[in-house]
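Chemist: Read off the chains here:
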Amino acid sequence: MSQNLERALLGLDRAFRPQAKGMAREIDPRAKLLVALTFLIAMLSTPLMDLGRVAAWGIPIMVAAYISRADYFSLVGYSLLLLPFVALIGLFNILYEREVVASLFGIAVTKGWIMALAITLRGIFSVQTILLMVFATGIYPLCGAMLKLRIPTLFVAQTLMIYRFLRVLLIELQEIIFATQARSAGIKRYPLRLWARIISELLIRTIRRARTLDMAMRARGWQGDVPLARQQYVWRWRDTLFLFAWLGVVAVVRFIRL
Amino acid sequence: MHMSDALVSAPVALSADAVAATLLVVSIAKISRQKQLSIPLMGVLGAFVFAAQMINFAIPATGSSGHVIGGILLSSMLGAWGGFFTLTSVIVLQCLLFADGGLLALGCNAINMAAFSCLVAYPLVFKPLFRADSPFKRVMTASVLASVTAFTLGAVAVTLETTLSGISALPLGRMLLFMVPIHLIIGICEGVATAFVILFTRSRDPELFMHDQEQPSRHRTIEAFAVAALVIAASFTLLASSAPDGLEWSVERTLQGELTLPSTPLHSSAEQIVEQTALIPDYNTALAGVIGCAVLILLAWIFSLVIKQNRDEPKS
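Protein chains in written order, with my numbering: chain X, 35 to 292; chain L, 52 to 367.
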């Protein structure tokens, strides 16, 4: 529980601004968002039985991680953490698809194994794509890109508002959990009723804060606009080049048999 | 319940994105018309649900754990569209911050978690049963029924999306058998947790649940129970044992084998009639549960109409 909260706080701090260095940081957030979406669509449309091609999607991710100077191994580690459900679905394929499609060093390889591997790889790569996009762009610039791509302002404002209050809330939650742990004499599993009390206490504190904030914002004459909307994004030649270069890479991996 | 990009194909993901985007546009239009809803309140409640989703609670007797979705809770304070809007932005932020749920699968996740809980379970099950001054049992019933409905529909949707994407070789029925019971248990836990949170919060700040409160009519309450009964009937039949029932078991034990029908003309014609008239010959399915429930509800409704008509007629 405490680990989850600390991980969340750390993630929030890191995701605030772009962490990538060099060229990857300077590219327009819209270009990065479009590349990530195209990459995901192309990867997810690759047939599961084409394992070689599914595995090949890992190469552009490694290149992107290298360009943005991200720690690739921590990316892999984190993406493995989110895999259990995906892996479970893959496991069922091993049990149900028993048709032998290849032989590797004399060992029969079934269709189920190939599908399971492909699903697992897709899971790892899709998580890595999102993490890399946020690493190279940051949440604020991403929200700015969403506004420029005509995502409704109210939705972006709401997403930013949640982001803004998460840190405060997580610290509050940490305090409540710490206080509960201090009183519970080493008991780690709490009954549902106690969890409900913890959540309720957090909710009451949250609402009080929200009401104060609401009054303050109304008093200031806030009309629902987002400061990010006023930020100027200038689309440069290098952004066009970046976009087309990556679209080319995506096309090569998806359509050309190497 | 967060679906990863790996579990959906591009066409399924994009179709779900289109549906979710449409619902989002409608929700924005609805929210913009509501003067009393404030963005900071929605934002902070969204942050609360985000934080609350990090608390995993143990599911009794299963050894697994689950977390709240918060759709019913959000809707009870912000209304159906406000809840959907807020929960969708929570899902987007979870995807961006922790890669929890895929980027392309955002639409699937918004439908599975936000739409079913805020736009289906809340207005059809929770709202007709709940009032700002409802007693403990009623709040608990409303929360549990609504949460079970939302989770069951969500689990069915996850199964359908995965199957339509051609990702899983597991047959649809078996995957439902795997998914629905787990989510039923989580749904019950979420319902209980939501009820406690609502009760505790209401005792401290009753105004929060006063928005669009209307006197629930008897019809709305009946509708709510009907929807919940249909969903629960469909899901609990999946839990039904394939073993013979008590009577079959005792007959098998007595006769040391399965009971065979004598081949008299009377028996064979009776069997034929049953086969021709049976709506669902293989009755051990979720569909049988739904149809049986629907027929019962229809019969009860017709019966009540007849009684009402008889009562209203002036006695000569």
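No lab work stands behind these hints, which were simulated from the structure alone.
You may find that some hints are simply not true.
What the hints assert, rightly or not - Pairwise CB distance ranges, derived in the manner of DEER restraints:
hint: 1; chain 1: L; residue 1: Lys188; chain 2: X; residue 2: Ile93; range: 40 to 48 Å
hint: 2; chain 1: L; residue 1: Lys81; chain 2: X; residue 2: Asp47; range: 32 to 40 Å
hint: 3; chain 1: L; residue 1: Leu223; chain 2: X; residue 2: Glu40; range: 37 to 45 Å
hint: 4; chain 1: X; residue 1: Ser218; chain 2: L; residue 2: Ala69; range: 43 to 51 Å
hint: 5; chain 1: L; residue 1: Gly217; chain 2: X; residue 2: Ile93; range: 19 to 27 Å
hint: 6; chain 1: L; residue 1: Val77; chain 2: X; residue 2: Asp47; range: 43 to 51 Å
hint: 7; chain 1: X; residue 1: Gly255; chain 2: L; residue 2: Leu223; range: 37 to 45 Å
hint: 8; chain 1: X; residue 1: Trp256; chain 2: L; residue 2: Gly217; range: 44 to 52 Å
hint: 9; chain 1: L; residue 1: Val77; chain 2: X; residue 2: Glu133; range: 40 to 48 Å
hint: 10; chain 1: L; residue 1: Ala80; chain 2: X; residue 2: Ser218; range: 41 to 49 Å
hint: 11; chain 1: L; residue 1: Arg84; chain 2: X; residue 2: Gly111; range: 42 to 50 Å
Computed from a prediction, not measured in an experiment: that's the story for all the values here.
Glycine residues also receive a C-beta, built at the ideal position from the N, C-alpha and C atoms.
Chemist: The structure should be examined with respect to each hint, and the outcome stated for every one.
Modeler: Results for each hint:
A hinted range of 40 to 48 Å is violated for the C-beta pair Lys188(L) and Ile93(X), which are about 60 Å apart. At roughly 35 Å, the beta-carbon separation of Lys81(L) and Asp47(X) lies within the given 32 to 40 Å, and the hint holds. The hint said 37 to 45 Å for the Cβ distance between Leu223(L) and Glu40(X), and at roughly 40 Å that hint holds. The hinted range of 43 to 51 Å is satisfied by Ser218(X) and Ala69(L), whose Cβ atoms lie roughly 48 Å apart.
One distance hint, 19 to 27 Å for the beta-carbon pair Gly217(L) and Ile93(X), holds here, with the actual separation near 25 Å. A C-beta distance of roughly 35 Å is found between Val77(L) and Asp47(X), which places it outside the suggested range of 43 to 51 Å. Between Gly255(X) and Leu223(L) the C-beta distance comes to about 55 Å, which lies outside the given range of 37 to 45 Å. At about 48 Å, the CB distance of Trp256(X) to Gly217(L) agrees with the hint of 44 to 52 Å.
As the Cβ distance of Val77(L) to Glu133(X) is approximately 46 Å, the hint placing it in 40 to 48 Å holds. Checked against the hint of 41 to 49 Å, the pair Ala80(L) and Ser218(X) passes, with Cβ atoms roughly 47 Å apart. For Arg84(L) and Gly111(X), the Cβ-Cβ distance of about 47 Å falls inside the hinted range of 42 to 50 Å, so the restraint holds.
The structure fails hints 1, 6, 7 (numbered hints given earlier, in ascending order).
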